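Protein chains in written order, with the working numbering: chain A, 10 to 99; chain B, 10 to 99; chain C, 51 to 213; chain D, 51 to 213.
If you are wondering where the hints come from, they were derived from the structure by calculation, not from laboratory data.
Given the structure is predicted, the values throughout are model-derived calculations rather than measurements.
Even glycine gets a Cβ: it sits at the ideal position worked out from N, Cα and C.
Worth double-checking, as some hints may not be accurate.
Lysine to any residue pairs mimicking SDA-like chemistry, simulated, CA-CA at most 25 Å apart [claimed, not checked]:
#1 D/Lys208 x C/Ala184
#2 A/Lys54 x C/Ala184
#3 C/Lys201 x D/Gly157
Selected chain B positions facing chain D (Cβ under 7 Å, derived; list incomplete) [stated by the list, open to error]:
#4 Gly18
#5 Val29
#6 Ala44
#7 Ala48
Stretch-level coverage of chain D by chain B, calculated; a stretch enters the list once three of its residues show a Cβ under 8 Å from a Cβ in chain B [said to hold, decoys possible]:
#8 180 to 188
#9 197 to 208
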Amino acid sequence: MQVEVLIFGGAALAAKTDRVTVEVSGAPSVREVLAALHAQHPALKFALPPPETGRLAVNQAFAAGSHPIKPGPLDQGGDEVALITLVGGG
Amino acid sequence: MQVEVLIFGGAALAAKTDRVTVEVSGAPSVREVLAALHAQHPALKFALPPPETGRLAVNQAFAAGSHPIKPGPLDQGGDEVALITLVGGG
Amino acid sequence: MNASDDATPAPRVLATIIDGPLTREREVDALASHGWTHGSASRGCLIGAMLRFEGVVRRREPYARPGEGVGGATDERDLLALDYNTYDPMAERELLALARSVAERHGLIALSALHSRGRVHVGELSFVLIVESAHRAEGLAAMTDFIDRLKQDVPIWKRPVWR
Amino acid sequence: MNASDDATPAPRVLATIIDGPLTREREVDALASHGWTHGSASRGCLIGAMLRFEGVVRRREPYARPGEGVGGATDERDLLALDYNTYDPMAERELLALARSVAERHGLIALSALHSRGRVHVGELSFVLIVESAHRAEGLAAMTDFIDRLKQDVPIWKRPVWR
C-alpha cells in the first residue's frame, strides 16, 4: 500500500513537489514510514529525522515513532501525513 | 583625618542619614576606607563589600581597592567618596 | 489585604496567524478580537515586566549557491521579501500549544504570539511576541524559550524572494 | 552589491534618566532630542530583531517587618509608588557606559536605555530598554546581560512608598 507524505520548505524545494509517496506494507508505524522515506527518497535525506527518534505529523498533530498510520488516499480514509522538519518561523 | 562617605538606599535608611564619616590616617586607599567603614560603622555591615575586593565611587567613578583617596571636605579639595552597593534600578 | 490578591490566575494566552505583514493595526485588531488588551491596568497591577519581540525581514539572507543545493556553502544576497508558508490549521494550533506551555512553565501573566502567513517585504514584521510577567527573570526566560521552540515545533517555512 | 553594505557601523547608543514615569511621549522626546529614532527603515534594513523591555512598578513589594530590619524576613505589602533615587551625574554616565559595553559586546545595531528619577506610581513605567540587532540570539542575550548588570553597576536606588 502507499502513504502520501506532505513535504514543505527546503524539502519541497529540493524535491520540486509538495508531496511524495512511499510504498509500505500493512498499517505502518511513524518509524516505518520514516525508514521508507530514507530508503525510497534519498534526495530528501538532508531533511529527514532519524527513523528511530523522528516524528511526523499525523492528521495535523505530532505523532511519536510507534504511532500507527492508516495508508491510502485521504478521501478513502487514509491519514494525513506530513514531514515537518527544518521549520523557519519567527 | 576624616573621609566623608555618601551612602544610599538601604544603607541610608538603616543609618538614618545620607553620609557617614570615618577616621583615617594619611591618604588612605579605597581598601583602607572600606576597612574603616567596617570597623567604625558596624550598623552598615550588611551593605558593605569586603575591604579586599570591594569598590567605592571616587569623584563619581568606580575605583578599585588600591585607588588613593584625598581626605577632607569636598570644598577643601577632598575627594567625593560614595558607597554604591545593593542598587535597585530597573 | 484579600486572599484572592495572591491567587495566580491562569495565564492569558493568544496565538494567531495573520495574512501579510504584522502592522500595529492588525495586531490591535487581533488582540481586540480575542477580547483583551495587553497592559498593566487590566491585570490588577501585578505585572512587573513587559517584553516585546519583533521579528523583522532583513535585507540580506543566506543564499545557497546554484549547484550546491540546500545545506551547501552559502553567501548573502539582497532580498525583496519572504514568503511564509504555513501548514494549516496545524501551524496556528501548535503556536497556541507552544504559547500555553511556555506561559504555564514560566508562570507568566500573559503571552501573545502573532505570526505572518504569505508575503512579508523587507523591513516589515513577520512575528510579534508579547510577554507579561511579575518579574523580569521569568519574562526573559520565557521569551528565549518560546523563540527557540517556535523554530522546532511550529510548521511554518519561509521562502526567500530575491531582488 | 556594495562593499560598504557589509561594514558593521558602531552601534547607536542612548542612555538617559528622566524625571518621573516613562510615558510614550517622554520616550519619543528623549529619542528625538538625541537626533534619532528606532526602527528598521533608518538602518538600511539590517535589523532582524527588535526587542523592548518595560519595567513596571508592581502593586506588591517585599516589606521588611518592623524590628527585623533590612535583610530580615519579608512579607508583601501594597504599594502606592516607588521613589527612585539616583546618584547624579554618575548614574546617567554609568547607564551610558553599560549601554555602550553591552551594545559592543553583543554586536548590536542600536540600544536605548531610559530610567526614571523620582516618584513612579504603581502601574507606571520606570525603565525602558530597546535593543535592535541583526538576529534574535544576540538581541536576547544583550537584553538579559544589560538588565543583570544594571542591578550591579548603576547607582539607582528605589524606596517604597506604602499605601
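**Request:** Output the numbers, in ascending order, of every earlier hint that fails for this structure.
**Result:** Going through the list in order, the structure violates hints 2, 5, 6, 7, 8 and respects the others.
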